[in-house]
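Peer 1: Chain V: place on chain G using the hints.
Chains G and V are the protein sequences, given in the same order.
Position 138 of the first sequence, counted from 1, bears residue number 137 in numbering that gives the first Met the number 0, the numbering being contiguous throughout.
Position 93 of the second sequence, counted from 1, bears residue number 92 in numbering that gives the first Met the number 0, the numbering being contiguous throughout.
Everything hinted at is true.
Far from chain V, some chain G residues (derived; all Cβ distances over 12 Å):
1. 15
2. 39
3. 44
4. 53
5. 112
6. 135
7. 167
8. 215
9. 308
In silico EDC-like links for lysine to aspartate or glutamate, alpha-carbon gap of 20 Å or less:
10. 183(G) <-> 292(G)
11. 144(V) <-> 194(G)
12. 176(G) <-> 150(G)
13. 69(G) <-> 40(G)
14. 53(G) <-> 33(G)
15. 144(V) <-> 195(G)
These are computed hints drawn from the structure, not numbers from a lab.
Beta carbons: idealized from backbone N, C-alpha and C, even for Gly.
This is what each chain is made of:
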Amino acid sequence: MRDYRAESARLREICAGLLERGAVDIVVAWTEGDDPPRVREAAIDKSRPDLVRKIIWSPFCTTSTVTFLKKNKAALAGKKVGVVVKDCDFQALNVLLQEYFLKRENLVIIGARCDGLAEADLFARSQGEAPAITSDAESVSVGNETHRWEEFGFTTCITCSYEHMKPDHVIGEYGRKKGKPEWKHLSRILALLPEERREHYAAIFESCIRCYACREVCPVCACVECAIDPGERAITPRTPPADKAGAPVWATRERALSENAVYLTTRAMHMAGRCIRCGWCERACPVGLPLMEILDLSNDAVNRIYGYEAGRDPKDPPFLASFAETDPDDKGATQ
Amino acid sequence: MKMEGAGNTGNAGNAGNAGGFQPKIVAFICNWCTYAAADLAGVSRLQMPPNVLNIRVMCSGRINPMLVIRAFSQGADGVLVSGCHMGDCHYISGNYYARRRLLTLKSILSGIGIDPERFRVTWISAAEAQDYQRTITEMVENIRKLGPLAMFRGGPVIALETPGCVEG
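Just chain G, same shape as in the assembly (with noise of 0.2 Å):
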């Protein structure tokens, strides 16, 4: 049985101590929302020790705050950052540490063994005292309320296996025995015929209406420029015209099977050794489309052909950046 008050004052009594010992300018972390058990990130520095009491750590912390860390690079930029990561969070900042997107040295990890997650939605949302969160092997529960975690939703939780957890500092231990990583839906695809696949996807790729909430809200979608939505790009009244001319448009912004299928197909490539699979743009999606059924593919060949694990270590190297002379001519490539 875990009891996440008491956790979570021992993650406040942290983030506490390293603000008040100066070992970090901002602490990172998930704080209680208005309507308990939701929560919400927040940024805290010395000056708000109103938000630290506000500290929480719960299986209702779904958000990630690596995606924190990313939409807000530039203003913590030089700041030495505690940050409050889950398992899967942790992935995914190994990813960035790999790709020297964040520096390890200004980074303080404070990690917390997660369970699972679980879908603030299906209980009751309480007025006034925040209610005891407690969870165990097969349920959660808010006060009175309990739900099994086979309710949620979280299929990608389900079948976490990811325990390499190796933070400065750690709360909670784990309550649940871990997954195995299961491709249960895509052995269900794979097992179709190359042309119902090709419906299937198609179907995905032509309802999508490319709000781009799945890059956005993907924790190791971090370039700083997107090749295929380069929104970013300045254009001033001194861009030079070789300059706009010579930016490559990979897809239109027409909604077209076309454009879709060239967007996703990318991102399922782009994603390739970077998808710790925390399933976040699927939740995302406001098409609700089974965006992991496409991700991985490439999951799934960087496991099956390669044996490499997404964000398993900082010092890996990154997938598509590095090669091995053993890998295979052409094993498996096909399905």
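Peer 2: Relative to the frame of chain G, chain V by itself:
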């Protein structure tokens, strides 16, 4: 990027057999080996179908997987990437990088149901003109049987319907 036809491969897509389906194939070939092989094939007057657009690049490691995807979306029915044999790269290791990237791309493409025959990665040295001829001939014949590639084609997705306009 420099585009040119190598050897006697002629202009892609303008082949004879009017009426029948003529596959378009884009071949990204390495300057140091496969390009020379294609050249040798031409000089040796090896016969092969003229459906291939050869694009000479300085190394197979230069091939961004997006180039392959873009070729498909721009109308290619098949894409060939061909470079030096492992260990023979002019730039020491370019083809090793290419192998990892392109075979990962191949799993994705074959996963979404695109026939593996449409995207081939081969290693052909400057002396292997016959290998080049065989690869091209096989690809054209196989893709001719498969027909045009529809996945990356097609106009805009059907416009969204305005809600609240249901009849009756």
